[in-house]
Each structure stands twice: as structure tokens, then as C-alpha cells.
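Working from the sequences, and respecting the hints, build out all of it.
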Amino acid sequence: MIKTEVTIAGVTFKNPVMEGSGTFGSGMEYSEFVDLNKLGAVVTKGVANVPWPGNPTPRVCEVYGGMLNAIGLQNPGIEVFCERDLPFLAKYDTKVIVNVCGRSVGDYVEVAERLSGEDRVDMLEINVSCPNVKEGAIAFGTDRTCLENITREIKAHTKKPVIMKLTPNVTNIAEMAMAAESGGADAISLINTITGMKIDIERRRFALANKTGGMSGPAIKPIAVRMVYQASHAVKIPVIGMGGIATGEDAIEFMMAGASAVSVGMMNFVNPYATVECVKGIEDYMTRHGIEDINEIIGCV
Amino acid sequence: MMKSKTKGTVLSQSCIAPGIYDLKIKTTLASDAHAGQFVGVFTKDASALLPRPISICGVSDDKDSIRLVYRVAGKGTDEFSRLDEGDDVWLLGVLGNGYDISKLAAVGNTEPARVLLLGGGIGIPPMLELAKELKAAGVNAVSVMGYRDDKAFLLDEFTAYSDTYVATEDGSLGTKGNVLDAVRENNIAFDCICACGPMPMLRAIKQFAGDKPAFISLEERMACGVGACLGCVVKTKEVDHHSHVNNARICTDGPVFDASEVEI
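Chains as they are written, first to last, in the working numbering: chain A, 1 to 301; chain B, 1 to 264.
Keep in mind that the hints were calculated from the coordinates and are not lab data.
If you're wondering where the values come from, they're calculated on a predicted model, not measured in any experiment.
Built from N, CA and C at the ideal position, the CB exists for glycine as well.
Careful, some of the hints might be misleading.
Some, not all, of what chain A presents toward chain B, calculated at C-beta under 7 Å [what the hints assert, rightly or not]:
1. PHE24
2. PRO58
3. GLN74
4. ASN169
5. VAL170
6. PHE269
So, in C-alpha cells, the structure goes:
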């Protein structure tokens, strides 16, 4: 009998597989493909205090082994989210992590407070690292002091466990992980996308209307594994790893690097069954190697 | 029917005009595929991961296979052009809302309604299945297809389902000019328009339609194809039902939109 349960900040997940915020909506779209009950958690698309229209199109383009996106966090705002998406998720036996975005500390705090009273929400993931939203959000994630302060501020306004989602677009990821921990974060997740650019040489134009976009997909996986390793060895709080995960083997690699759980992101677009196949792949690996408890391999390298 | 990612088998492929290919695929997705919908087609190249959205040009009468007519536009479609009978091909589908045949039959003042089908370039293929479904539903349709030159792929097939006119940019066939030039030149009467083609053509059609309904099929760079990533949006007049921000998702709220409801 193998045990795939992992516990992060007092929340127990039936298995360590989630999906990356923004790649899965609130689960509704992919519930046609996968049984959400089989996932460790559903991580929702970022939600702000008010609706955000997002960026102009084109918002996405393919690159070698991955893609760039500059969606700009289009979302319906917290009220619609609570009225529509949370009741939908209430039908499933899985944990719910709500990704929160904002342009100011006040924005984040407003959403965090609003969600504090929602029983269906198990954890908050704070997106201080979106590379596609200009007005300040990125600054929270790239400056140590800002990151520590915003973490402390959000923690002071919610009883829900808080995950700070870190950007890879920094020089020293270990420092950023420590800043989140000092601010009182219950966990960190990484990596968000890596800022990139593509130029359409036939039209002599940027491929994305936003010029730059966040790169994701299998091509960034080695960078993500490295950063998860460095961050997890710098802090005591748990780490949720992501960046190009497609299979159970990829998930195992991140967990050996130090992640307590993992998220499947862009690869949902390529294989809508990727999350559940990842769960199965982890179980197969454990059986093959005689591992009884998945926790045995976390950070084992 | 639930959407799925499924393996199909190539029945045949041929080149029907320079850079234009006609691909028939046996797939379970065919059982619920309709005019205006599309499928995502996957490459076998791990560096080109995202599904390529390609509109459905035809569904076989036995609902066993679909037909895709597409233009080679990059490395994904170039790979598809080399698919041969018996090859496997992975598909995501069926995607998008498609045309509402009963709605088209009900609009307009004449009985039955007269639906004007306008296709431009690689926007022509989806109009063929629409012409077929309209005829099956007993709706009068007139097709006006616009090409660059006399390489008028699929044109003869439209004549089986509708009165058919043609426009070419170089004047080698039919009216010299675009599809609207052909509509004016032939004094074609209509109750509503269905169109697919490049954005300048769709903008002109939206204006030309005036008070008459026009249903246009839109295209945009897509990633997931199922409404999750919010990559392919179009500005809408009213607040959209998903994000409440006047940005509808082309892949799921469309690709067919009432032209009066989108800002293009």
C-alpha cells in the first residue's frame, strides 16, 4: 500500500499533484477531461478585487519547447469568483487553493480578507510575480523588502495559510524564498514564468501585443528544478514546484529537488489529461522503486 | 458530447491548390462535429507543442470522419501536409460553438430564409460544411467565395448545395475584386450573412450587413482551445459571461459570433 498524501501548512493533500494557476481556469473547463476528485488540489486562475480586462491580443505564441503568454490576468473579480467558481469547486473532494493578484498591497489584502470567510478555500497563493502586469505587481516579487512586507501584511489579514508564488526573474532565488519566509509565508511556490520575447520576422513585429511574455513549458524545466532546489534548501517552509512538468517522472524530479508538491501548467494545453497521468506516474514510480511513502523522496538528492 | 484528445487515422490527403491541403481523418470526434466548429491538431514534434486550431470543412455522412482543408503556414501545418493514408494523428475536439442552423433558418423576412455565405481565402473551407448543413435543413443559401486567383479550391463543391458565385483579386474567375464586389455585381438578395475570412474582410462585412444579422467566424492565436487560458479573446459590446470584462473567448464562446456583438 503506497501513501501519496502530503501535508503543507496543516493542509493534507491526497496526492502532491496540482495545476499551475492560469492554466486550468477554476477547473470547470478541464472537468470535461479529468476527474477533479483525483487531484491533490485545484489552483484557480488569479483573482483580483475587481474584474481585470487583461492585455490586448495576440496574448500567446508558441516557442521552441514551450510558449509565451501575456494574458494580463483577465479575471472576473472576487465577487463573481465567490458566487460562481467556489460553489462549482464545492462539488469536488479536492483541496482548493485560490490564486490572488493585485496592483497594490490594498488590493491583495481586500481579496485575502474576502476569502477568509469562505470555507471552501483551503489556502491562498499570492501572485506577486506575474511578469505581464506592469503596475507594481512584479516589484513585489523582485524586491526582498517589498516581498517580505507584503507577505506580512497579507498574513495579518487572513487566517488561511498563505503560499507566496515566486518569480524566477531574479538574481538570487534563495534570498527571495527567505524574504517570504521572514514575512511569515506558510509555503512558497515556484517558478512563475520566465520573461521572454519573440519577434515575427516575416512581419517585423513582436509576436505578442505586450512585446514581452512569460515563458512556460518543458524547455524551462531545468531552470525550475534548479530554483526549487536552491529555494527549498534556503528555507524551512514547504515548497510547491512547477515549470514544464508533464509526467510523473518530472514530478518525482521536482520532489527530489525539494518540492513537497508539484503543479502541471502549460502541459495541460498539450495533454488535457496530464494532471491525472502525473498522479498515476508517481504511483507507478513508487511501486517500481518500492517506496511506501512519497514523503521519503522529498529533497532526497 | 464531452471534449477529448483522441487519436485519429488519416484516410487520405491531397494538395488541392498551391499550399492548400485536403486531409480526411477517421475519428470518433466526427459523431458530434458541426459547421463552424474546429479541432486542435497536434504535431509529432516535441518542440511545437500547442494544438493547431483548424476548422472543420466536412463531416462524412456516416459521421465517421472529418475533413480539414488548411493552408501550410508554419512548421506544424508543414508537418501535417506530409501525413499519409494510415498515419496516426492526435486531435483535440470538438471545439467551439459552430453555426446555429435552426437560428439561421428562422432569421429574415423570406420563407425560407436566404442565407448568404461569404468565404475568403482559407476562410472558405468551413463554409462548405455550412452550405451542406443548410441544404439538409432546407434553408436557401447563396455562396460567394473569394480567391486570390483561379486556383479556386472547393468552389465546384459549393454548387451542389447552393447558388455559387466567385470573386478573384486578379479577375481570372468571376467578379474582379472581393466577395462584396461580387454580391453587389450580381444583386444578391439575402436575409443574413455567415462569413469566414481575413479580418479586413470581416470588418467590411460587418459594415455591409447593416441591420441584417451577420455571423462571423473569428481567428486568434490560441493555446488551450478549451476556454481555460484566456489567450484568444475578442472585445465584446456587452460584458462577457465568463470574465465580466467585455472580452469573450474565441475558442469557446465562438469562434462564430454575431457581428453586432463583437468589436473588430
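The hints, checked one at a time:
Satisfaction of the interface hint for PHE24 (chain A) is found here, the shortest Cβ-Cβ separation to chain B being roughly 6 Å, below the 7 Å cut-off. Of the supplied interface hints, the one on PRO58 (chain A) holds, with its beta-carbon coming within about 4 Å of a beta-carbon of chain B, less than 7 Å. A cut of 7 Å between beta carbons decides the hint on GLN74 (chain A): the least distance to chain B is about 5 Å, and the hint holds. For ASN169 (chain A), the interface hint is violated, since its Cβ never comes within 7 Å of a Cβ in chain B; the closest pair sits about 21 Å apart.
Taking 7 Å as the C-beta contact cut-off toward chain B, the hint placing VAL170 (chain A) at the interface is violated, the least distance being around 25 Å. Among the interface hints, the one on PHE269 (chain A) holds; its C-beta lies about 4 Å from the nearest C-beta in chain B, closer than the 7 Å criterion.
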